[in-house]
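Its first residue numbered 6, the first sequence is counted upward by one per residue in my numbering.
Hints in this document: simulated from the structure, not taken from any laboratory. Since we're looking at a predicted model, the values are computed, not measured. One or more hints might be untrue.
[Unchecked claim] Below, simulated BS3-like cross-link-like pairs (lysine-lysine); rule was C-alpha separation at most 25 angstroms, straight line:
hint : residue 1 : residue 2
1    : K579      : K299
2    : K277      : K303
3    : K207      : K230
4    : K277      : K413
5    : K303      : K342
6    : K207      : K413
7    : K579      : K563
8    : K277      : K298
9    : K207      : K277
10   : K519      : K69
11   : K406      : K207
12   : K574      : K563
13   : K277      : K406
14   : K19       : K145
15   : K230      : K181
16   : K426      : K266
17   : K574      : K87
18   : K181      : K413
19   : K168      : K145
20   : K131      : K321
21   : K574      : K207
22   : K207      : K250
23   : K277      : K230
24   : K525      : K574
25   : K574      : K303
26   : K145      : K23
27   : K250      : K87
28   : K406      : K181
[As the list claims (entries may be wrong)] For each label pair, taking beta carbons as the anchor points, the in silico distance ranges come out as:
hint : residue 1 : residue 2 : range
29   : R576      : M247      : 28 to 34 angstroms
30   : S559      : R518      : 19 to 25 angstroms
31   : R450      : D275      : 52 to 58 angstroms
32   : R380      : R229      : 53 to 59 angstroms
33   : D343      : M247      : 20 to 26 angstroms
The C-beta atom is built at its ideal place from N, Cα and C for all residues, glycine as well.
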Amino acid sequence: MRFEYITSPEGLLKVKEKLSPEAVLFLDTETTGDRLRLVQLGGQGEIFLLDLFELGERGVLFLKELLSQKGVVGHNLKFDLKYLYRYHIEPYAVFDTMVASQLLAELDRHSLQSVAMHYLGQVLDKSLQLSDWGSRVLTKAQLEYAALDVVVVRDLFPILLEKLNQCPVREEILLKTRTSRVFGLQNPVAIVEMAFVQEVAKLELNGLPVDTQELESVFREYSRKVQRMIMDFISTHRVDPMSPKQLGEFLTRRLGLDLPKTEKGNVSTDDKALSEHAHHPVVRHILEIRASKKILDKLEEIRENLRGNRVYPEFKQIGAVTGRMASSNPNVQNIPKDLRRIFKAEEGNLFVIADFSQIELRIAAEYVGEIRMIRAFQEGRDLHRYTASILLGKREEDITKEERQLAKAVNFGLIYGISAKGLSQYAATYGIDLPVEEAQAIRERFFSYFEGFRDWHNRVKEELKKTGKSSGHTLLGRSYVAHTFPDAVNYPIQGTGADLLKLAVLMLDAELRKEGIPAKVVNLVHDEIVLECPQEVAQEVQTLLERAMKRAGSIILKRVPVEVEVTVKERWEKE
DNA sequence: GAACACAGCG
DNA sequence: ACGCTGTGTTCT
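Just need the whole structure built from these sequences, with the hints factored in.
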């Protein structure tokens, strides 16, 4: 392995000469935790280690210029990009070997160590990863370690690229982008996910603004409230209301309530079990404590993660097997609806908030080719009302609110392969009494009308019975393997939803750049996009966002139209 | 430290 | 039912 340690402007000249002809560079960085120390770069030849402590501003300007026209390959590039973006260094395109490995799904872990072992049979020593990268003089061992990671990534790249390109793709979806051209990548899902790495890096840097005054006042209110309620409960009943075990014992033995059992044989005290006894004053007390406690927990989670008046959540790009993202520290994808108002755009800014309407149902209709449902969407029908009229044999205009609600449960439930028993229970949570026999009748009626779903479910069941698994692809070509029926009917739908959201964000970013509009993506919640921008451009951003989401929709769904709801607000809330 | 129960979101 | 994360309790 040949490498050269670069600390002077003369050294940069050499780097320029050697790397200029390369279209693709392999990159890694070493940081002190808050500052960028080393940027390791290589093409097909030797590796250059650029010491930014020594090179200073000249090093930054050099990298900015060089990388702005290169495809950059690295492992877990989100990490490196977050540092580079701080210096306004932005590669032309990126290819992440970690994301590649995740998409190929041959492994459970995707550290560079695991990936190198699996695809190269190479043992990688990471013991110097957390060594002191801040000291004035770096050791020979540190420099060798730094250069080696780049070599490993370079060796991995052609193997992973080849494997991704061998995955089957939907012919009609051909994405021609920077990513596909620079790296010769043809797999649409990989093209989207690689470009999306840059979006996740920016999302994490942007953070989400909080109305800290409001947060504090709501926090104080709930702290006092919860503390008082729990103290009250313990002193009157001598039982900790936060302990499901004590609570189950107490409610059955002392109050004589009849509660169902959990899987492990404990007394169930969850919301569903307790709501059967909501008339009981003690049960009501418990439910009130729980409701307030959960809000308090969420407020604490936000408070602990505040930096200034923003939180900076982490996002896992592929957080679920379906391709959905996941968020943590704080998790901003499960903020209770009525608490979202504590997120407030900075002074002079506004949020532009958009979500895809009934997206999973639209995807399911397209995915299985269910012609009647596709037609209903094309005609712009209210799908839940439409289904209700089919199931109950009534005219659409005669459908009551409750009946529409039931149909919503059926439509939603079918995606999960609901059983009659499940439907009956599900209806109960909507306050609808639906005996299992009636649920069975409704289920049969649904499947005899929407034959596409019946056939699809039958095919999946058959495949599971024969092979023990069901594998396939989302509409963008993301592959999945399921081993149970509910997973098998869920993964392609949820996964296509993930495809769609990611593609929409990429298309939006392209538009915003072209127009030079300063809008930031500050949150992504499965079917929802939240932007923050100066109030002067909010109207324009609203238009661009809606257009981008619909265009993404029309690329992935060819027959079912995609509809989007967009609002402009000071706070994160619905109208 | 792992497993479970619970509850929030989509 | 499907997919997540966070908190707290209880078990090993």
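Given the proposed pairing of K277 with K413, does the C-alpha separation stay at or below 25 angstroms?
Judged against 25 angstroms, a Cα distance of about 20 angstroms means the pair holds.
Decide if the proposed pair is consistent with the structure: K519 and K69, CA atoms, cutoff 25 angstroms inclusive.
Roughly 20 angstroms between the alpha carbons, so the hint for K519 and K69 holds.
Taken at face value, is the distance from the CA of K181 to the CA of K230 at most 25 angstroms?
violated, 56 angstroms
Between K145 and K23, is the straight-line Cα distance small enough, at 25 angstroms or below?
This hinted pair holds, its Cα atoms lying about 23 angstroms apart.
Starting from K131, check that the Cα of K321 is at most 25 angstroms away, please.
Between K131 and K321 the Cα gap is close to 22 angstroms, so the pair holds against 25 angstroms.
For the pair supplied as a hint, K579 and K563, is the alpha-carbon distance within the 25 angstroms limit?
violated, 29 angstroms
CA of K19 to CA of K145, is that 25 angstroms or under?
holds, 21 angstroms
Given pair status - K303, K277, alpha carbons within 25 angstroms:
With a Cα-Cα distance of about 21 angstroms, the restraint between K277 and K303 holds, given a limit of 25 angstroms.
Do the alpha carbons of K525 and K574 lie within 25 angstroms of each other, as the hint requires?
holds, 15 angstroms
Starting from K277, check that the Cα of K406 is at most 25 angstroms away, please.
holds, 23 angstroms
Hinted pair, alpha-carbon criterion (25 angstroms max): K574, K303. Please report holds or violated.
holds, 22 angstroms
Just to be careful, I want the Cα atoms of K277 and K298 compared with a cutoff of 25 angstroms; is the pair within it?
holds, 17 angstroms
In summary, the numbered hints that this structure violates are 3, 6, 7, 9, 11, 12, 15, 17, 18, 19, 22, 27, 28, 31.
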